[in-house]
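S.K.: Residue-level listing of the chains:
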Amino acid sequence: MQTSVQRTTTRGRAGLAGAPRAPLAELPAVEPVTGNELVELYRLMTAVRHLDLAAISWQRQGIVPAYAPELGQEAAQVGSALAVDPKRDFVFPTYRELGVALACGVDMVEYMSTHKATWHGGLWNPAETHVAPIQAVVAGSVLHAVGWAHGQTLEAQGELPADGYNIAVTYLGDGASSQGDVHEAMNFAAVFNAPVVFFVQNNGWAISVPTEKQVAGGSVATRGAGYGIPAIQVDGNDAPAVLTATRRAVAHARAGHGPAIVEAMTYRRGPHATSDDPGRYRSLEDERADAGADPIARLREGILTAGAATAAELDAADAAGAAEAERVRAGVIDLRPRPGTEMFDLVFQEPTDELQRQKANWQEETELREESDHE
Amino acid sequence: MGGTETMMAGTAASAAPLELSLQGALNLALDEILAEDPKALVLGEDVGTLGGVFRVTSGLAGKHGAARVFDTPLAESGILGMSIGLAMAGFHPIPEVQFDGFAYPAVNQIVCQLGRMNYRSRGTLPMPVTLRVPSFGGIRAPEHHGESLEALFAHVPGLKVVSPADPQQGYTLLKAAARMPDPVIFMEPKSRYWQKGQVITESGLDDGGKSPVADGAAGARIARPGRHLTLVAWGAMVARCLQVAELAAEDGIDVEVLDLRWLKPIHADALAASVGKTRRAVVVHEAPRTSGLGAEVAQIITERCFGTLKAPVERVTGFDVPYPSGDLEDEYIPNIDRILFGIQRVLEYKRG
Ligand SMILES: Cc1ncc(C[n+]2csc(CCOP(=O)(O)OP(=O)(O)O)c2C)c(N)n1
Numbered sequence: 001m002q003t004s005v006q007r008t009t010t011r012g013r014a015g016l017a018g019a020p021r022a023p024l025a026e027l028p029a030v031e032p033v034t035g036n037e038l039v040e041l042y043r044l045m046t047a048v049r050h051l052d053l054a055a056i057s058w059q060r061q062g063i064v065p066a067y068a069p070e071l072g073q074e075a076a077q078v079g080s081a082l083a084v085d086p087k088r089d090f091v092f093p094t095y096r097e098l099g100v101a102l103a104c105g106v107d108m109v110e111y112m113s114t115h116k117a118t119w120h121g122g123l124w125n126p127a128e129t130h131v132a133p134i135q136a137v138v139a140g141s142v143l144h145a146v147g148w149a150h151g152q153t154l155e156a157q158g159e160l161p162a163d164g165y166n167i168a169v170t171y172l173g174d175g176a177s178s179q180g181d182v183h184e185a186m187n188f189a190a191v192f193n194a195p196v197v198f199f200v201q202n203n204g205w206a207i208s209v210p211t212e213k214q215v216a217g218g219s220v221a222t223r224g225a226g227y228g229i230p231a232i233q234v235d236g237n238d239a240p241a242v243l244t245a246t247r248r249a250v251a252h253a254r255a256g257h258g259p260a261i262v263e264a265m266t267y268r269r270g271p272h273a274t275s276d277d278p279g280r281y282r283s284l285e286d287e288r289a290d291a292g293a294d295p296i297a298r299l300r301e302g303i304l305t306a307g308a309a310t311a312a313e314l315d316a317a318d319a320a321g322a323a324e325a326e327r328v329r330a331g332v333i334d335l336r337p338r339p340g341t342e343m344f345d346l347v348f349q350e351p352t353d354e355l356q357r358q359k360a361n362w363q364e365e366t367e368l369r370e371e372s373d374h375e
Numbered sequence: 001m002g003g004t005e006t007m008m009a010g011t012a013a014s015a016a017p018l019e020l021s022l023q024g025a026l027n028l029a030l031d032e033i034l035a036e037d038p039k040a041l042v043l044g045e046d047v048g049t050l051g052g053v054f055r056v057t058s059g060l061a062g063k064h065g066a067a068r069v070f071d072t073p074l075a076e077s078g079i080l081g082m083s084i085g086l087a088m089a090g091f092h093p094i095p096e097v098q099f100d101g102f103a104y105p106a107v108n109q110i111v112c113q114l115g116r117m118n119y120r121s122r123g124t125l126p127m128p129v130t131l132r133v134p135s136f137g138g139i140r141a142p143e144h145h146g147e148s149l150e151a152l153f154a155h156v157p158g159l160k161v162v163s164p165a166d167p168q169q170g171y172t173l174l175k176a177a178a179r180m181p182d183p184v185i186f187m188e189p190k191s192r193y194w195q196k197g198q199v200i201t202e203s204g205l206d207d208g209g210k211s212p213v214a215d216g217a218a219g220a221r222i223a224r225p226g227r228h229l230t231l232v233a234w235g236a237m238v239a240r241c242l243q244v245a246e247l248a249a250e251d252g253i254d255v256e257v258l259d260l261r262w263l264k265p266i267h268a269d270a271l272a273a274s275v276g277k278t279r280r281a282v283v284v285h286e287a288p289r290t291s292g293l294g295a296e297v298a299q300i301i302t303e304r305c306f307g308t309l310k311a312p313v314e315r316v317t318g319f320d321v322p323y324p325s326g327d328l329e330d331e332y333i334p335n336i337d338r339i340l341f342g343i344q345r346v347l348e349y350k351r352g
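If you read the sequences in order, they're chains A and X. For the first sequence, the residue numbers in the working numbering are 1 to 375. For the second sequence, the residue numbers in the working numbering are 1 to 352.
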């Protein structure tokens, strides 16, 4: 146990702070992040922090059966999501993208419904929000993003639209990058020159397995070279840096130059999920040493130094986030199980006779059961 | 009724049985397998340091070494493909896929390779691979954490499929499966992991080396004898059917519960013996109904007991819908009432 923990310390990780390592010459430069944008990052990141911590306590209180925290990944998630335009682009999240979903305008009660065990994938409308359902299969939607992105170039019939292509952003972890699907997705994307951004959150762990034992070479970004995809590695705890890096990748894809990879080096500060016990594979001291600076504290300091907002203004944003988490809590408590009929009605657009028969039988038996319960 | 007696019948135990959860019994079986068989290997996602997300492999890496119990990168196709190569090199891999739904990414290797290598190599490359899959639902888990894949795998030539219902079955069947020269898909009912029961281990026996594994791992098992009707179940549904039998007994209906255990090959003699006696049968499974294993069981019963059957074989199953989220799980998994309704239909059946 000790040895694997030692291999995972940030000696490698801390060294990554700031300096992008992978080739990025091909990615266009973008405007620097403005003061207003810094404050917006802060507003969203603190809202995410409150909600994320609240969800963990909801699990302990029995309000939700399980939750996958994202503590420490707020900068990577909010920073990347702000580079996307969910009106025209399409986001493919995993199961840990609370911050992405929030920044893209997904209703947070509808988002939490998946953790309340109300409906797999969540209750929001992916067609309207342009945020795909929660994906439980690791790397499950990486190829979908490539397909969606290729669809944009097909729609445009090879003519780059005046405002560029709509782009897809797919989220994956360092663990997910081991799946064969990710290789296929990167290869397809490069072959088809698809406008897709692979956003890798390298949070140091895939449940109990540290990046060193998961990703050969220690980095997903460097793989881009093999596919001819430009890649950028960024300090994932530095929100403006993530925003800038993702904007460059997005601008590259929009302009018709094909896919790009952004690898945000961050740290999963909490357990993998509420059922996980990180004490089995890393110590608290290791966590402290490896996590680096808190991305929110760091951003706050940056904003104050730049004079983009006052401490009082930031405190107000923080308080608004806390209040919002309370509102979501009430909504989550009020969520009721979906009617059982939806189980049958939502399988197909055109249900089969056999399924209708099963539904009728289910309804009949449910009524009989309810009658006998009343007796 | 060879092979259907309660497993330990006729074997004398010297040591007292151990009180173990299914998870603990599986852990003990793996520990003994690794100790006995120097070629045995345990591999998969998080099986090493963490001991698996259900802790079934807990402590094994520390005891048997990180070379024999090891974490792989997160790629199920990779885990199965690598296991096949290890088997070719003379090892006995016991891979774990973390949850049932994540066996799907490995289906290519399981179906196109694992199930065919012995055949393809004319018997020169046997595949002693035991794939452990935490299976079935009932724990309010996320999508793909509650699926029942038995029909999918039972349909594939070259694979054997088995599911234990309790700690004793877990211990016995896993040891037996790991000793087999052929690939076995070992479906562990995850909702039963924490349920305790008495386990007689091989080392606890004083019977001149006659092992409960050799003796008791073959075929099906009568979990409860009865006269009026046979409930056929496997995995997590066995415990539920035993509950149903208790309730039915209050109404004077004497239900026999047959724990099928081996889903491939199915123990047809055990089915024929039980239903030949009771003349009525209901098959219960969590998997969707259409093309589920219930159809296969019903057909075997029809072939073997057509003349004696008093009613067509009934099925109480999951529905033809994706396995639902926790809130609707109880609507999906056959519950006590639905099984009782099935029993009622069979008992009240009138020839047209
Ligand atoms: C195909 C598949 N296999 C296994 C799992 C179980 N599982 C869920 S999350 C996880 C680790 C994922 O690690 P990573 O991709 O690095 O993302 P992170 O959880 O760190 O955000 C595993 C093994 C899964 N969801 N999907």
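If you are wondering where the hints come from, they were derived from the structure by calculation, not from laboratory data. Everything numeric in this text was worked out from a predicted model, so none of it was measured. Hints are supplied without guarantee of correctness; some may be wrong.
Chain A stretches covered by chain X per the calculated footprint, using a threshold of three residues with CB under 8 Å from any CB of chain X [unchecked claim]: (1) 40-52; (2) 136-145; (3) 172-180; (4) 247-256; (5) 286-294; (6) 328-341.
Residues of chain X clear of chain A, computed beta-carbon distances all greater than 10 Å [to be verified]: (7) Pro38; (8) Ile84; (9) Phe102; (10) Ala239; (11) Glu329.
Every residue, glycine too, gets a C-beta built ideally from N, C-alpha and C.
S.K.: Taking the hints in turn, state whether each one holds.
M.R.: Evaluated hints:
1. Coverage of the stretch 40-52 of chain A by chain X is violated. Counting CB-CB distances below 8 Å, 0 residues qualify, and the rule asks for three or more.
2. Given a C-beta distance limit of less than 8 Å, the hint that chain X covers the stretch 136-145 of chain A holds, as 3 residues qualify and 3 suffice.
3. For the stretch 172-180 of chain A, the stated coverage by chain X holds: 5 residues have a C-beta nearer than 8 Å to a C-beta of that chain, and at least 3 were required.
4. Only residues whose C-beta sits within less than 8 Å of a C-beta in chain X count toward coverage, and the stretch 247-256 of chain A has 0 of them, not enough to reach three; the restraint is violated.
5. Counting residues of the stretch 286-294 of chain A whose CB falls under 8 Å from any CB of chain X gives 0; the rule of at least 3 is not met.
6. Residues of the stretch 328-341 of chain A with a Cβ under 8 Å from some Cβ of chain X number 3, which satisfies the need for three, so the listed coverage holds.
7. For Pro38/X, the condition that its CB be more than 10 Å from all CB atoms of chain A holds, with the nearest at approximately 24 Å.
8. The Cβ of Ile84/X lies farther than 10 Å from every Cβ of chain A, with a closest approach of about 15 Å, so its non-interface assignment holds.
9. With a closest Cβ-Cβ approach of about 7 Å to chain A, Phe102/X is found to fall inside the 10 Å limit, against its non-interface label.
10. For Ala239/X, the requirement that its beta carbon stay farther than 10 Å from each beta carbon of chain A is met, with the minimum near 20 Å.
11. The non-interface label for Glu329/X is inconsistent with chain A: the shortest C-beta to C-beta separation is roughly 8 Å, within 10 Å.
Checked against the numbered hints above, the structure breaks hints 1, 4, 5, 9, 11 and satisfies the rest.
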